[in-house]
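Just so you know, the protein sequences line up as chains R and D, in that order.
Those letters in the first sequence? Residues 1 to 212, per this note's numbering, in order.
Those letters in the second sequence? Residues 1001 to 1768, per this note's numbering, in order.
Treat the hints as calculated values from the structure; they're not laboratory data.
Using N, Cα and C, we set each Cβ at its ideal position, and we do this for glycine too.
With beta-carbon atoms standing in for the labels, derived distance ranges:
1. R:89 to D:1068: 23 to 29 angstroms
2. R:33 to D:1456: 43 to 49 angstroms
3. D:1066 to R:195: 54 to 60 angstroms
4. R:68 to D:1541: 37 to 43 angstroms
5. D:1449 to R:177: 43 to 49 angstroms
6. R:176 to D:1523: 33 to 39 angstroms
7. D:1145 to R:89: 17 to 23 angstroms
8. D:1041 to R:89: 50 to 56 angstroms
Chain D stretches covered by chain R per the calculated footprint, using a threshold of three residues with CB under 8 angstroms from any CB of chain R:
9. 1129-1137
10. 1144-1158
11. 1539-1546
Facing chain D, from chain R, some residues (calculated, C-beta under 7 angstroms):
12. 51
13. 52
14. 77
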Amino acid sequence: MPTLLAAWVATTSSFAAPADKSPDAAALVAALRRDVPARTPYTEVRFSGLLERPLILRGELEYLGPGRLGKRVDTPYREQTRVQDGEASVQRGDRPPRTFSLGQAPELEGFLRGFAALLGGDAATLAADFTLSASGDAHAWQLVLKPRDARLARRVGEIRVDGSGDTPLCFVTREGDGDVAVLLVDRLASAKLPARPSQPQLEAICRSGAAP
Amino acid sequence: MRSRVALLAVWLLALAALAAFAWHTLRIGTDLRSFMPPPQTPDQKLLMEQIGEGPGSRLLLLSIDGAPEARLAELSRGLAAALRADARFEQAINGAFDPSALDEKLLPYRWLLSPTLDTHALDAEYLADQLGQRVEDLASPAATLLKPLLPRDPTLEVLALAQRWSPPKAPIVRDGVWFSSDGAALLLAQTRGAGFDPAVQGAAIDALQAAFRALPDVGAAKLTISGPGWFTVLINERTRGEADRIGLVSTLGFVLLLVLAYRSLPALLLAGLPVLSGGLAGIAALALLSGSAHGITLAFGFTLLGVAQEYPIRVLSHRRAGEDALASVRALWPLLATAIVSAAIAYLAFLASGVTGLQQLAVFTIAGLLAAGFSTRYLLPRVLPSRFHDVATHAWLAGAVRALDALPRPRWLPWLLAALGLVVLWRAPGPTWENDLAALTPVPQDLLLRDAKLRGELGAPDVRYLLVLHAADADGVLALSESIEPRLDALVQAHVLDAAELPSRYLPSLATQRARQAKLPDRAALEQALAAAGAELPFRAGLFAPFVDDVEAARTLEPLTPATFASSPLGARLAAMLVAREDGWLGLATLSGVHDAAALDAFAASTHGAVRLLDLKAASESLVVAYRERILRALGLALGLLALTVVVALRSIRRAWHVLAPMTLATVLVVVVERASGLSLSLFHLVAVTLAAGLGLHYALFFERPVADPAEARRTLHATLVCVASALLVFGLQALSSLPVLRAIGLTVALGVGFHFCLSILMARARR
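Build the full structure now, drawing on both the sequences and the hints.
The structure is reproduced here in structure tokens:
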């Protein structure tokens, strides 16, 4: 789920107009603001203790305005997730869609609120839900988000965003149980990956993408 | 003087000893059942077991609001955990997935409990589909929740069971716990003790509120409680509170009245001793004979004992100037003894009623009347101060006697009143009897609305209806329950009811469990199927070994029975739904949101007696009817005994007629007035009518007494006026109460006292 949200953020920010930026977290966020609708392809790689080899998903992410987001999985299976009016619906293959209220998992709502702030370039609101730190330079920056809410922190250790200029390119989410999800968006979505990518390989891609 | 003080000291010491004995010996029961008549029909029997003990009536509905959502969710979890650790509560659920619902030992049983195997086999095709979905789950919002379950339970059977076991119409879940549509956290708590037992429920609710207050950071959050147990406690407190307030005011008025009447404070205080002696003697007799008494018995008993307050008043009013108290009591005693003994003999009829509560009432009242009477005769005159004021010297009293003597007394008037009364009774509006005891102790409308709202949000069962399943043994009940599940589902679809909770929801029959067991593949077949299913999937090799072990274990398990299941929390819930009977077993299914009881009844009828719809309200009303019939029979017998005693004591049928006729007519007129104003009569009215009749007997007996001395006639009138005024004061105040039960007693006695007084003057008073 964190990955999903990170992806939406990525979607929206990937079309931002490039401009030189200092690696100041608040200024970085302020520059991420962008127009809707916005779409981007993505590649998601999941490393899990349950899996022998990482799970690789490809598809498209879309941001349709405040509170309205979508994630489509094309391979290795077909799935469409939509978030609208505080509800998420998931449709897999030809099965009827399953709908659930975001309120069931308030940390997800916290996430949404945080990312809406990220999309809106609202550093102050974002800072209410996460502690922010930035490093690097305008051409290759890193933003690290750590949840302030204890419940969210149990699920998600941290989210690291790699980007260049006004464009985030790579989201790395470390989950509470040690699983890691890496989301490559924008021009990195089509990056060549080995059949069984390792975490260091992916991190290298993230950094190289941010430093062309 | 010295001997007077010594005797008073001995009397008071004796009373203290009696009180101490009663305090240590008598247990006061609050369970309604000990006051009820023995059940006759199967429905009544079931009601007596279920009243308060049925799953629905032990359920408390809780909501927490007044804080941010995350805080409310934390409080809900904290409260549920605290209640689960409290022996007074059988269970507490708040919507959180409770992993302990199926403990480690029972986990392999999930294959026998879940309906999955009825429609699927654990083959490569099914497993491939399931494992494929798990891969997708890992990339979904649910991943962090599901990951810990996957190695042992890749088909998520535990979740399927949790869904099956959650209430049929569960509230929405936010932050992992139930919330109402307006943002309050919701919980259900089931007490161990009976729902209609105010003492047990009071303790449970105190514990509940203490547990809530002890939670960290409660802050402004507010806990709201509802449900039958809460209403029981609330009504109990309200009734007691109002009775205490009215009691205080009327006691002050009573004291003032007596001070005005006798102008002596010591006399007044001493006059309270006979009634106190009577009350204590009554309690001690109960303690000695039965060791326990119901709270209602004591309340009714003290009401009936109100008659005894007349004894000392008669002594005070009838004292003549220049005569010591003992001499005037001796002169008064034959009449007083007649009143006391005839009342005591009348109450003997209650002993034959066969209802424990009424027998205890008789024991209490008879012992109380005798003790009050004999202490008035032998103790009170010896401790009264020698200085007193002869009431016969009041000038206004002489005038009043003259006015009464001058009143016209047409012989036809009583007959006309009786005839009119009977016509009115015949044409009176509304039902004659009030069978719904709850109508006398109504729950405020806003609380009922709140309860209905919470009940709707929580999908909690109705308290009124139960579906009763009958079979030869417990497994038969479960099989029957399984067989009617589809038909009930159809009724839910047709909006006959919102949901039904059947025993088979928690435990399938042995046959069903064995059929599912037979479908489990052996280890080799399962491993082969798993390998084939997971060939294309990224799961780690050997990840599902715990799953394979569980299936292998499930193949040889002895199917679960209610007895073996009983150790788990859900088993306890099931146990409450299964009842052993000498002629088989009963299964109790709770129903929520019954919209069409007739349709449910028709469904039950179509099962040819295997399933019945039990209407707890109808059953409890039939019990009240049976109870009232016994009281009426006892009262009829009592009246006969009373008439006989009065005839024997007065040695004249004509004189007895003068005493009994006004008493009977006044009783009829009380009923006539209440019925004419649309009131339906309840048990409480009957008790109040009985008390009024006891008072009326006194008025008639004393008025009927032929007296030569005009001063003595004045004293009789004075005594009777004081008695009437005090009874009107005490019961008239009660008649103003906002609680129907107090109003019923107060209005009836006050009306009765008025009628008895007037008719005694009209029909009994000796003419000079």
